[in-house]
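The residues making up each chain are set out below.
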Amino acid sequence: MTGSTAVGALALLLVAPGVPGVATKTKSWLTGRRGAPVTQLYWDLLRLLRKGAVYSTTTTWVFRVAPVAGVVAPLLALGLLPLDGSAALFSFSGDFVGFAGLLALGRFAFVLAALDTGSSFEGMGASRDAAFASLVEPALFIDFLVLVMATGQLTLAGALSGAQPLAWGTTAPALAMAVVSLFFVMLAEASRVPVDDPATHLELTMIHEVAALDYSGPDLALVLYGAALRMTLMAALPTILVVARTIHSPGATLASLLGGVLVTAILVGVVESVMARLRLSRVPQFLVAASVLASLGAILQLLT
Amino acid sequence: MERLADLVLLLVLLSGFLVLGTTRLTTCIRAVAIQGALLGLLPVILHPQWSVHTVGLAAGTILVKAIVLPRFLIWAIREAAVRREVEPRLGYLASLVLGILAVATAGVVAGRLPVPGDHPVLLVPTALAVVIMGLQVLATRAKALIQVVGYLMLENGIYVFGLTSVDRVPFLIEVGVLLDIFVAVFIMGIVVFHINREFDSLDSARLTELHD
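Protein chains in written order, with our numbering: chain A, 134 to 437; chain B, 17 to 228.
Bound conformation, chain A alone (with noise of 0.2 Å):
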């Protein structure tokens, strides 16, 4: 069982560099131009690494470590999730919480390592990440609460897995909710439109972005590829949610999840096509009508 999952984390791995290209296409295809090709982002990571890295003399060690913090925590995050259908990497008691945990310390490291170089563009860019996510973690818990609410499982694997006898069935109204919830989370946490917009390269109205202004070479390729890891990630929370509790053999319920993410991939290059970013004052609006459907779903939940 183990097994399909690792071979599954490890097909997600490679996927993830493709996701965002795939968002990308799909927005050029939709506004009439033919686009960076999908995968653009591998021949990056390819030129990148390729490069010597040049640091500014006032960072430190902290500059250093938030790339590899940035790979690392999405990573482990990957490991909680029951990516087969029936069993996680490693699971434990009110694993969740780590999940959160692992998202939030890749994201303060990176926020550290933006202040650290010392820029006020960087810092800016920081302190509207590190205020975003705080109102992304309500909508993420609360989506947690739903699926704890449903299964009564107190882990991922548990809690996401179709092992349970309890099917769509009564539930669906709550978990559906708790499903859009969890991709207007995946927006914000991957820096896509309505959040952050991944095309601006205007220092005051990029957030992600602006951050890793100063890394270069391998270290830039580290940071991209976390954020690629991450959008993958948090595109797989979701669709497994769906795909386990419909789908029962661990090899179908891994080609379902590949399919699933590529379809998020192309639902996010949809919404980048139909709307522009949000003004920076609306974002919270945005993100607390995540935590407003999560909560509509645990209502629905002690309702039904």
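Quick caveat, the hints were computed from the structure, so don't treat them as lab data. Hints are supplied without guarantee of correctness; some may be wrong.
Facing chain B, from chain A, some residues (calculated, C-beta under 10 Å) [stated by the list, open to error]:
| # | residue |
| --- | --- |
| 1 | SER253 |
| 2 | MET257 |
| 3 | ALA305 |
| 4 | GLN418 |
Over the 12 Å line for every Cβ pair with chain B, so calculated as not near, a few chain A residues [said to hold, decoys possible]:
| # | residue |
| --- | --- |
| 5 | THR135 |
| 6 | VAL140 |
| 7 | TRP176 |
Nothing here was measured: the structure is a model prediction, and the numbers come from that model. Glycine residues also receive a C-beta, built at the ideal position from the N, C-alpha and C atoms.
With chain A fixed as given, assemble chain B onto it according to the hints.
Just chain B now, kept in the frame of chain A:
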């Protein structure tokens, strides 16, 4: 059928949240129109043995709540040259949080309310929640037009509640509610135009400054 009804009721609730959270007047009106259309579907879903009565009720509701009234409101916006923003007295975030509290309260109250008959789990909570959200819009939004939307939501909630007794008191409640809405919106429409013509503003806070 039960599941489909719950889904429709859930969408009714979500359209209520759309009204609370959006910044655009036209989006509000569209949301209330969608809500009206969903309400029109409800009697047909709840009573699968279709009769002339239920189908007529559904068609009438969709016609009035989802087509005529929203068009009337949108026409009023253009005609009165209203600015497109909602301009709430209470922020959007607080509105959304109050909305979720409304749903929670409705859930608790509905659990204790002895409503006779057999109906979907979400029917009574949705009815109460939509009524509270409508009241909230009426109380916390400054513009007369958006208050009409709030009033419509309030009526929608009452309509949903009326569905619990549709098989025992047929025809009476629904027609009453439809007429009620029509008259109310008509009057409020006139009021809206009046205010606009006299003071060049649709802000109901200005009403306190009336002389004579």
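- [ ] Enumerate the violated hints, using their earlier numbering and listing them in ascending order.
- [x] As far as the earlier hints go, 1 and 2 are violated by this structure, in ascending order.
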